[in-house]
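Protein chains: 2
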Amino acid sequence: MFSYNIIGTGAVGGYYGGRLSQSGRDVRFLARSDADEIRKHGLIVDSVKGDFILPEVPVFTSAAGMPAADVVVVSTKSTGNARLPEILEPLVSPGTIVLMLQNGLGMEEELAVRFPEAIVVGGMCFICAQKRKPARISHLDYGEITFAAFDPRGEAVLEALKKDFEESLVPITLAASLGAARWRKLLWNIPYNGMSVILGADTKTMMDDPSSRAIIRRLMEEVAQGAASCGFRFDEGAVDKMLAYTDGMKPYEPSMKLDFDYGRPMEIEYMYRNPIAEAKKRGCELPAVSMLADLLEFRQRRANADRNAPA
Amino acid sequence: MFSYNIIGTGAVGGYYGGRLSQSGRDVRFLARSDADEIRKHGLIVDSVKGDFILPEVPVFTSAAGMPAADVVVVSTKSTGNARLPEILEPLVSPGTIVLMLQNGLGMEEELAVRFPEAIVVGGMCFICAQKRKPARISHLDYGEITFAAFDPRGEAVLEALKKDFEESLVPITLAASLGAARWRKLLWNIPYNGMSVILGADTKTMMDDPSSRAIIRRLMEEVAQGAASCGFRFDEGAVDKMLAYTDGMKPYEPSMKLDFDYGRPMEIEYMYRNPIAEAKKRGCELPAVSMLADLLEFRQRRANADRNAPA
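Protein chains in written order, with the working numbering: chain A, 134 to 444; chain B, 134 to 444.
Since the hints were made in silico from the structure, they are not lab data. Please read these numbers as outputs of a predicted model, since none were measured by experiment. C-beta: ideal position from N, C-alpha, C; glycine also. Please note that a few of the clues may not be correct.
[Claimed, not checked] Computed cross-link-like contacts, DSS-like style, restricted to lysine-lysine with a CA-CA straight-line distance of at most 30 Å: (1) A:Lys414 - B:Lys383; (2) A:Lys413 - B:Lys266; (3) A:Lys374 - B:Lys413; (4) B:Lys266 - B:Lys337; (5) B:Lys374 - A:Lys413; (6) A:Lys413 - B:Lys413; (7) B:Lys264 - B:Lys383; (8) A:Lys182 - A:Lys383.
[Unchecked claim] Partial list, computed: chain B residues near chain A (C-beta under 7 Å): (9) Ser344; (10) Ala347; (11) Met424; (12) Glu430; (13) Phe431.
[Stated by the list, open to error] On the chain B side, residues computed to face chain A include the following (Cβ under 7 Å): (14) Met340; (15) Asp342; (16) Ser345; (17) Ile348; (18) Arg350; (19) Pro420; (20) Ala421; (21) Asp427.
All chains should be built: construct the whole structure from the sequences, respecting the hints.
Encoded structure:
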């Protein structure tokens with residue numbers, strides 16, 4: 134049984150950290166704006182798998198004050214990754230497991246370069262959860278995570294990590310290749326996240342319209358090409374299967390749409406620019422994905438300009 | 134000196150028909166909603182080249198009632214072209230010149246097939262004009278037209294047409310190839326019209342942002358490829374020149390953005406689908422242009438759905 138430092142108490146960190154804590158693991162949270170609220174009223178989780186409250190959870194506002202833990206769970210948005218080394222510095226010593234619960238591509242590589250003494254593991258979360266109020270998490274659907282190790286040192290800890298999470302009601306799949314698992318997640322994330330922002334629409338609206346559906350298919354086909362260029366070839370029917378899977382989902386607003394609607398920065402770098410760059414290094418252009426990334430950057434920049442405009 | 138039947142008294146038909154009438158040509162207008170207003174108060178043109186009013190202009194609400202004219206000027210939006218044969222039927226006899234003042238590609242071909250007895254001429258208008266109120270045209274900038282004949286019969290009438298327009302304060306350029314001239318116009322229309330709708334932005338805003346500028350460049354490069362596939366190769370620096378030209382323009386909202394903002398249908402078929410189809414026939418895919426067309430069709434369909442929703 135590991136001990137855990139959870140970096141970022143949003144929907145992802147709050148839910149999974151909460152589950153680990155609820156099952157008896159030693160879990161502490163790093164929070165910023167929510168810290169006071171958590172101290173006053175505890176961390177509240179409304180979950181389709183059962184609501185719970187953690188009335189007295191250890192919460193910190195600075196990483197420097199946190200006791201060492203076996204596992205550091207990074208559940209911040211990747212938009213803040215420039216500051217991540219500074220946050221992790223006091224928490225990582227030789228053999229510390231760093232579990233990256235982020236969307237996109239390339240964050241494990243960056244981390245492994247900066248902290249060669251850490252054991253880096255990637256986690257692809259399939260969860261529908263939101264933090265609508267401080268210290269109050271809504272877990273609406275799904276919840277499973279796919280773990281994949283960055284290198285052989287990580288492979289040695291996967292089973293123990295899996296056990297901790299599964300005993301905390303979180304289903305875990307272990308993947309042999311981090312790259313394959315990350316690209317597999319991008320097959321969904323790249324089309325639906327960006328398009329939901331550009332079109333202001335949920336998954337069902339986009340799947341029901343033939344024109345947006347055509348774009349989503351094209352984006353998926355390009356992601357599959359990008360993955361293949363990096364050595365990760367999906368099965369023949371992967372795109373059709375992902376479309377059918379999304380057809381079967383309840384109408385869903387992807388996280389990037391929520392970020393945009395709430396005025397938060399969008400994860401364009403790790404979710405779009407890194408995959409585009411990795412494919413390009415292998416001579417594979419992703420024109421539709423690139424156009425979508427450009428559209429998103431335009432929208433991001435305009436949103437920033439509007440926010441900073443004098444009232 | 135020709136006589137003219139103007140089909141469609143919007144910004145384009147109202148301005149050019151008004152100029153031809155003002156210079157003493159025999160000009161009649163086909164109008165629908167504006168007819169009463171024109172009869173009551175005349176046709177009012179506020180123009181950067183000088184305001185004028187035509188107090189007693191002949192206006193008709195049905196083509197069947199119009200006297201024959203040498204030239205039929207089609208200045209309706211291409212979104213209504215399905216009904217065009219029915220409107221032109223009573224106005225076209227052998228040798229009637231039909232001047233197509235529309236944006237897009239392929240309308241002259243359709244017309245020539247339907248009315249082989251007509252002399253078909255294309256007109257590419259470079260004008261900034263709007264109809265803000267019934268029977269009141271605002272001509273804000275530019276105004277020149279490029280004429281190009283659909284076949285040799287048209288070439289024989291170009292000089293006479295040019296004379297009529299130039300004596301009416303409308304600068305005319307004659308182009309040797311209708312296809313080349315239409316694609317040249319698309320080099321501007323395809324990127325700026327669609328993108329202004331998707332981004333809700335004017336030309337300057339899109340040119341000043343590096344991401345939207347990158348998309349516009351890419352769209353132009355594809356249009357140049359499409360044109361080349363159809364046998365119309367632009368000069369080496371055509372894309373750079375068009376970007377520089379737009380940099381030099383005052384901030385401008387393209388006609389498609391005005392159509393969308395005012396709840397009118399957008400000219401997606403002739404401006405996007407026809408060029409995409411023509412290029413595709415020659416084995417040339419236009420992926421960014423296709424994605425933009427799909428985005429526009431989604432927006433068009435949603436706008437229609439919103440308008441038809443019960444209040």
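Hint consistency between Lys182 (chain A) and Lys383 (chain A) [alpha-carbon to alpha-carbon, up to 30 Å]: The given pair, whose Cα atoms are some 17 Å apart, holds under the 30 Å limit.
Hinted pair Lys264 (chain B) and Lys383 (chain B), Cα distance within 30 Å: 19 Å, holds
Asp342 (chain B) as chain A interface residue, shortest Cβ-Cβ below 7 Å: It holds, given that the least Cβ distance between Asp342 (chain B) and chain A is near 5 Å, below 7 Å.
30 Å limit on alpha-carbon distance, applied to hinted pair Lys413 (chain A) and Lys266 (chain B): 51 Å, violated
Supplied contact hint for Ala421 (chain B), tested at 7 Å Cβ to chain A: 5 Å, holds
Satisfaction of the Ser345 (chain B) interface hint, Cβ to chain A closer than 7 Å: 5 Å, holds
Interface hint outcome for Phe431 (chain B) [beta carbon to chain A under 7 Å]: 5 Å, holds
Chain A contact restraint on Asp427 (chain B) - CB to CB distance below 7 Å: 4 Å, holds
Hinted contact Ser344 (chain B) with chain A - closest CB pair below 7 Å: 4 Å, holds
Holds or violated: Lys414 (chain A) to Lys383 (chain B), with C-alpha atoms at most 30 Å apart: 39 Å, violated
Restraint check for Lys374 (chain A) with Lys413 (chain B), where alpha carbons must lie at most 30 Å apart: 28 Å, holds
Hint consistency between Lys374 (chain B) and Lys413 (chain A) [alpha-carbon to alpha-carbon, up to 30 Å]: 28 Å, holds
Of the numbered hints listed earlier, those contradicted by the structure are 1, 2, 14, 18.
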